[in-house]
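Trainee: Sequence:
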Amino acid sequence: MRKFQKVTMVAGTFLLAAATGHVMQSVNPESLVVTPRIFANNASPTIAARPNETPRLQLSRMTVLHNPPTQHIAQDTGVGAIPQMPANGTGGFVQSKTTSCKDASLDLSLVPPGALSVALSADCARNTALDIQDGSLKIAAHSDAEGNWQGLLPAMQVENKISVNAKGAMVASAHLSTPEITKLDRVIFSAQSGSEMHLNIYEKGAGFDGSGHISVATPRTPDTPLGGYMMRYDGPNDTQIEVYTAPTTLSPVRMQIETEVTLANCGKTVSGSVRRVLAGEDKPLNPIEIDMPSCEALGQFVVFPLPNLQDGRSRKMTQK
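Numbering (this note's numbering), first residue to last: 1 to 320.
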């Protein structure tokens with residue numbers, strides 16, 4: 001609304017200046033006769049008409065100033081009265097009608113096993129930073145020029161509620177049931193972007209770069225028949241999120257955090273966190289800190305082992 005008001009005000013000012021300029025140009029300066037009048041003390045001032053000239057504007061009423069601010073008054077009939085704007089209760093501004101946006105929509109569909117296809121259409125949120133909440137997972141996204149966003153999210157609960165917020169306000173939300181996630185285990189790793197910390201998974205005794213080595217460099221897809229898969233997201237506050245998903249029957253699954261030594265992190269402490277969702281049940285968040293070696297170790301990797309995924313499942317079964 002402010003934009004439309006400003007445009008209207010500028011247009012009105014331009015039209016008024018144009019009108020005033022036209023009238024001012026129509027006045028012939030040579031036709032004006034300025035005759036100074038010097039009044040005697042206690043004398044009333046009078047205004048003399050110009051000789052042999054008919055004023056272009058006939059005044060029906062005239063107000064005589066009995067205490068004028070100056071003793072030299074010139075008659076000027078070149079500028080007419082400025083037309084009055086109609087009162088509209090907006091302090092002189094013209095209100096413009098705005099076109100309302102279409103209602104936002106959020107469509108969810110299941111992508112087996114345990115992933116959600118999310119499609120947002122939000123006409124009022126074009127080219128806008130988005131916060132997408134998926135249960136205990138929160139990611140950052142950005143809509144396109146039409147207000148659309150599409151992505152694949154892991155189902156974090158049996159009953160999933162996906163909500164999209166922009167600039168602190170709710171844009172859209174939707175629900176979808178995914179009972180099959182009770183047959184899946186997940187590991188969610190989060191760290192600061194640029195820390196070079198990454199989650200690496202080694203399935204069924206695989207070695208580095210083997211067929212069972214899963215990372216953001218070799219993530220697989222949810223429909224893989226080989227085992228688990230990984231998805232990566234941008235998180236809030238310039239973080240990165242990596243999510244590994246595997247069937248509860250997959251064993252063994254060895255996990256570790258691998259961090260390359262770079263000029264940005266050498267000699268510093270890098271940190272992150274790991275959280276597990278086992279058979280649809282959230283586990284506590286575990287913080288991680290790694291003291292990186294000096295810059296003499298550039299290009300090498302620091303390995304931080306994590307408990308195997310099946311260890312968490314075994315503890316859960318023992319507690320039942």
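Where hints are given, some of them may not hold.
[Claimed, not checked] In the EDC-like style, the derived pairs of lysine to aspartate or glutamate whose C-alpha atoms are separated by at most 20 Å in a straight line are:
hint : residue 1 : residue 2
1    : Lys-167   : Asp-144
2    : Lys-102   : Glu-159
3    : Lys-161   : Glu-180
4    : Lys-138   : Asp-107
[Unchecked claim] Label pairs and their computed distance ranges (CB to CB):
hint : residue 1 : residue 2 : range
5    : Gly-267   : Ala-145   : 24 to 34 Å
6    : Ser-294   : His-142   : 17 to 27 Å
7    : Leu-263   : Ala-217   : 14 to 24 Å
8    : Asp-234   : Ser-105   : 15 to 25 Å
9    : Asp-291   : Met-170   : 39 to 49 Å
10   : Ser-173   : Glu-146   : 13 to 23 Å
11   : Thr-262   : Asp-209   : 26 to 36 Å
12   : Gln-157   : Asn-127   : 56 to 66 Å
13   : Thr-249   : Lys-167   : 39 to 49 Å
14   : Thr-262   : Leu-176   : 36 to 46 Å
15   : Ser-177   : Thr-221   : 14 to 24 Å
16   : Phe-208   : Cys-101   : 47 to 57 Å
17   : Leu-176   : Pro-247   : 41 to 51 Å
18   : Thr-218   : Cys-266   : 22 to 32 Å
These are calculated hints, taken from the structure and not from any lab test.
Just so it is clear, the structure is predicted and the values come from calculations on it, not from any experiment.
Where a beta carbon is used, it is the ideal one built from N, C-alpha and C, also for glycine.
Trainee: Now, for every hint given, state plainly whether the structure supports it.
Mentor: Results for each hint:
| no. | hint | verdict |
| --- | --- | --- |
| 1 | Lys-167 x Asp-144 | 16 Å, holds |
| 2 | Lys-102 x Glu-159 | 28 Å, violated |
| 3 | Lys-161 x Glu-180 | 16 Å, holds |
| 4 | Lys-138 x Asp-107 | 18 Å, holds |
| 5 | Gly-267 x Ala-145: 24 to 34 Å | 43 Å, violated |
| 6 | Ser-294 x His-142: 17 to 27 Å | 38 Å, violated |
| 7 | Leu-263 x Ala-217: 14 to 24 Å | 21 Å, holds |
| 8 | Asp-234 x Ser-105: 15 to 25 Å | 23 Å, holds |
| 9 | Asp-291 x Met-170: 39 to 49 Å | 42 Å, holds |
| 10 | Ser-173 x Glu-146: 13 to 23 Å | 20 Å, holds |
| 11 | Thr-262 x Asp-209: 26 to 36 Å | 21 Å, violated |
| 12 | Gln-157 x Asn-127: 56 to 66 Å | 31 Å, violated |
| 13 | Thr-249 x Lys-167: 39 to 49 Å | 44 Å, holds |
| 14 | Thr-262 x Leu-176: 36 to 46 Å | 40 Å, holds |
| 15 | Ser-177 x Thr-221: 14 to 24 Å | 23 Å, holds |
| 16 | Phe-208 x Cys-101: 47 to 57 Å | 51 Å, holds |
| 17 | Leu-176 x Pro-247: 41 to 51 Å | 20 Å, violated |
| 18 | Thr-218 x Cys-266: 22 to 32 Å | 26 Å, holds |
Of the hints listed earlier, those the structure fails to meet are numbers 2, 5, 6, 11, 12, 17, in rising order.
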